[in-house]
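Engineer: Sequence:
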Amino acid sequence: MVIKKIVKPPIIALLKMTNLYSLFLLRQAGPLSEDGWFRSFREKAPVDAAGDPLPWITYPAIEFLARRVNSEMSVFEYGCGASTLWWAPRVKEVVSIEHDRDWFGIVASRAPQNVDLHHIPLTEGEAYSRAVGTYRNRFHLVVIDGRERVRCAFHSLDALTADGVIIWDNSDRAEYQQGYDFLFSHGFRKIEFVGYAPGCIDKTETTFFYRDQNCLGI
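Taking our numbering, the leading residue of the sequence shown gets -5, the next gets one more, and so forth.
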């Protein structure tokens, strides 16, 4: 076994006497290591095993998206970050808004040309949640992963393409139920992706709200 060639047998025996051996094996191989969970935990940032940015959503949702998004899609994000940098090389354009000026500056310094970032403070009434409403039938995907999430959902529908999908992170939170009910009332169904997010020790949920003939083929 390759691991035994790297670590001397006495050390392996010592590890087997504790719970550390299973943790050691997980760090050497397996999905947590392959997906970059340990690196994300260590760096306190959502990255894959190579250090490239990942969306801070559940791994099942990331894997699903990675197989289905394409270079013709347009994405709108409530809340920018590592996800912005993950989307950029995979889709046609990313429009993202951010309430935190310092974080906005950090992401803007790394964003490629197909990313359009906007800083909108939460102090400006409903300007943040209404930002998507300035676009009509433009976005295949609207990602709700920032502030004022229920109000963001209220304003997102007109900005979606006919085959558009809404991605709602941390959808296990009951406080967002009004937003879910709003989407259901407009003909959306949902598929939930439950699991761990990069570097996070608790399970969470990312939900896709979709209609028939949607861009992700759900």
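I should point out that these hints are in silico values taken from the structure, not numbers from a laboratory.
If you're wondering where the values come from, they're calculated on a predicted model, not measured in any experiment.
From the three backbone atoms N, C-alpha and C, an ideal C-beta is built for every residue, glycine too.
Among the clues, some could well be false.
[To be verified] Quick list of the computed label-pair ranges, beta carbon to beta carbon:
| hint | residue 1 | residue 2 | range |
| --- | --- | --- | --- |
| 1 | Gly181 | Phe32 | 20 to 30 Å |
| 2 | Glu28 | Asp196 | 16 to 26 Å |
| 3 | Gly119 | Glu169 | 13 to 23 Å |
[Stated by the list, open to error] Under the rule of at most 27 Å between Cα atoms (straight-line distance), these lysine-lysine pairs were calculated in the DSS-like manner:
| hint | residue 1 | residue 2 |
| --- | --- | --- |
| 4 | Lys197 | Lys184 |
| 5 | Lys86 | Lys184 |
| 6 | Lys38 | Lys197 |
Engineer: The structure should be examined with respect to each hint, and the outcome stated for every one.
Structural biologist: Going through the hints against the structure:
A C-beta distance of roughly 41 Å is found between Gly181 and Phe32, which places it outside the suggested range of 20 to 30 Å. The hinted range of 16 to 26 Å is satisfied by Glu28 and Asp196, whose Cβ atoms lie roughly 21 Å apart. Range check, Gly119 to Glu169: Cβ separation about 21 Å, and the 13 to 23 Å hint holds. Of the pairs offered as hints, the one joining Lys197 and Lys184 holds, with about 19 Å between alpha carbons and a cut-off of 27 Å not exceeded.
Between Lys86 and Lys184, the direct Cα distance comes to roughly 25 Å. Compliance with the 27 Å bound is thereby established for this hinted pair. Between the alpha carbons of Lys38 and Lys197 the distance comes to roughly 17 Å, so the proposed pair stays at or under 27 Å and holds.
The structure shown violates just one earlier hint, number 1.
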